[in-house]
Amino acid sequence: MDQLLMKLCETPGISGAAILHYDQCIAYQLKPPHDPILLVEVLNLILKVRDTLESIDGNQDVETFFLRFQDGYIILNIINELNLIILTSNDIKIPQISVAVNVIQLKIKNFLNSPHNNITFNNSPISAPPISSINQNKISNSTIDQNFNDSVPTLIPQTTLLPTRPSTLPPPPPQLKTLPPPLPRIINNSADNLLSLSISDQSLNPSFVPMSVIRKLIRLISIHAEEDGKVIIRRALAQIGSTPTTLPVEKLNQLIKSLSLILPQRQREEFINQAKNI
Amino acid sequence: MSTNLRTLLASAPRLDRAVEGAMDGSVLGLVGALDGESAAAVTILAEDYLAEIGELMGLGEPTAWSVSGARSCYYIVHGARSFAVVLGAPTKSPGRVLERLIERWV
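Sequence lines, in order, name chains A and B.
If you're matching positions, the first sequence starts at 1 in the numbering used here and goes up one per residue.
If you're matching positions, the second sequence starts at 1 in the numbering used here and goes up one per residue.
Watch out, some of these pointers could steer you wrong.
Derived Cβ-Cβ restraints for the label pairs, each shown as a range [said to hold, decoys possible]:
1. A:R266 / B:K92: 40 to 46 Å
2. A:N102 / B:T7: 51 to 57 Å
3. A:Q265 / B:A70: 49 to 55 Å
4. A:S114 / B:R71: 24 to 30 Å
5. A:V103 / B:E37: 37 to 43 Å
6. B:G60 / A:Q265: 27 to 33 Å
7. A:T245 / B:R14: 35 to 41 Å
So these bits of chain B aren't anywhere near chain A, every CB distance computed over 10 Å [to be verified]:
8. R6
9. T7
10. S11
11. D16
12. V27
13. L28
14. G54
15. S66
16. K92
17. P94
18. R104
Result set (BS3-like, lysine-lysine): computed pairs, CA atoms no more than 30 Å apart in a straight line [claimed, not checked]:
19. B:K92 / A:K251
20. A:K48 / A:K216
21. B:K92 / A:K276
22. A:K251 / A:K216
23. A:K230 / A:K276
24. B:K92 / A:K93
25. A:K216 / A:K230
26. B:K92 / A:K107
27. B:K92 / A:K31
28. A:K7 / B:K92
29. A:K48 / A:K107
Since the hints were made in silico from the structure, they are not lab data.
Bear in mind the structure is a predicted one, so any value in this text is a computation, not a measurement.
Every residue gets a Cβ at the ideal spot worked out from N, C-alpha and C, and that includes glycine.
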């Protein structure tokens, strides 16, 4: 699998790729600071998007996600029980990337359907466990050569990603070191605490309120004030000397109170209660 | 607004339904047999997860995305004040369709 990913990453514009099976990263080619542990979390969030969309078009087997951000793309291909994640820069040629993705998709499908392949997967649930419990056992050497005949080193005890090992093969490489300790949960214990940040909420600077919270406040104030929430929020943030991306956690309460003041008296309490539940 | 949506539907073959939604979840326009309110509301919910992904990976805000399944493809493109949700038949190159939609919408 490493060989497949190395070949894929030679495509111009592709900056990294990984193959995951639920919360296990089977193989990856990533450049720092990207790391498999990030992609496990990304996969979990993308699958939540999939679950959310089921209400629109019913339950269907989702195959591909194409996510375009300001600074790059994330492409997810679901191939049977495997998840192929590809990271690209923004200046890519879409037809070229599409071809590269189709090629690796076919190769992985062929491998999974190959009679030489007696790999089995644990049917573990899709929801991602807390980061601290993820075993990040990457196969450091190429484990499945082009003939797909070599055996695979043991990943973790409960994952049966093991074909039968012929006795003539060398012993597997040692297991990699375990994950570093997880990031501490940041819980504001002050009396004005309105928000406790989960690990997935921690942005690059954990002392700032995440954008997801700001967005929810924008929607909430738009509904109550019947005006463009973004304009209202920006004005309120400017008054307290912050921006949407640099609002300190300890000022969140102040922002909510400031927003409530533009509403009629009878709506303020309801707004504050709803904002506290974000 | 439905004129813009029809322009989007003409971007690629087999796109047949579209809705334009505002950031507060209200429906600004609709073409085709689609529950516009649900589509808009669900899209906004999904956007929260995508925004988290963008933060996690240092890629910034989501600007457009697509989801391809066995029966349909689902595309979302962002504008300055609204977004468009477009549904169509499955395709092997959703990225290309998404790029065309982005060009027509922005």
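| said: Output the indices of the hints that this structure fails to meet, ascending. | reply: Structure breaks hints 1, 2, 6, 14, 15, 16, 17, 19, 21.
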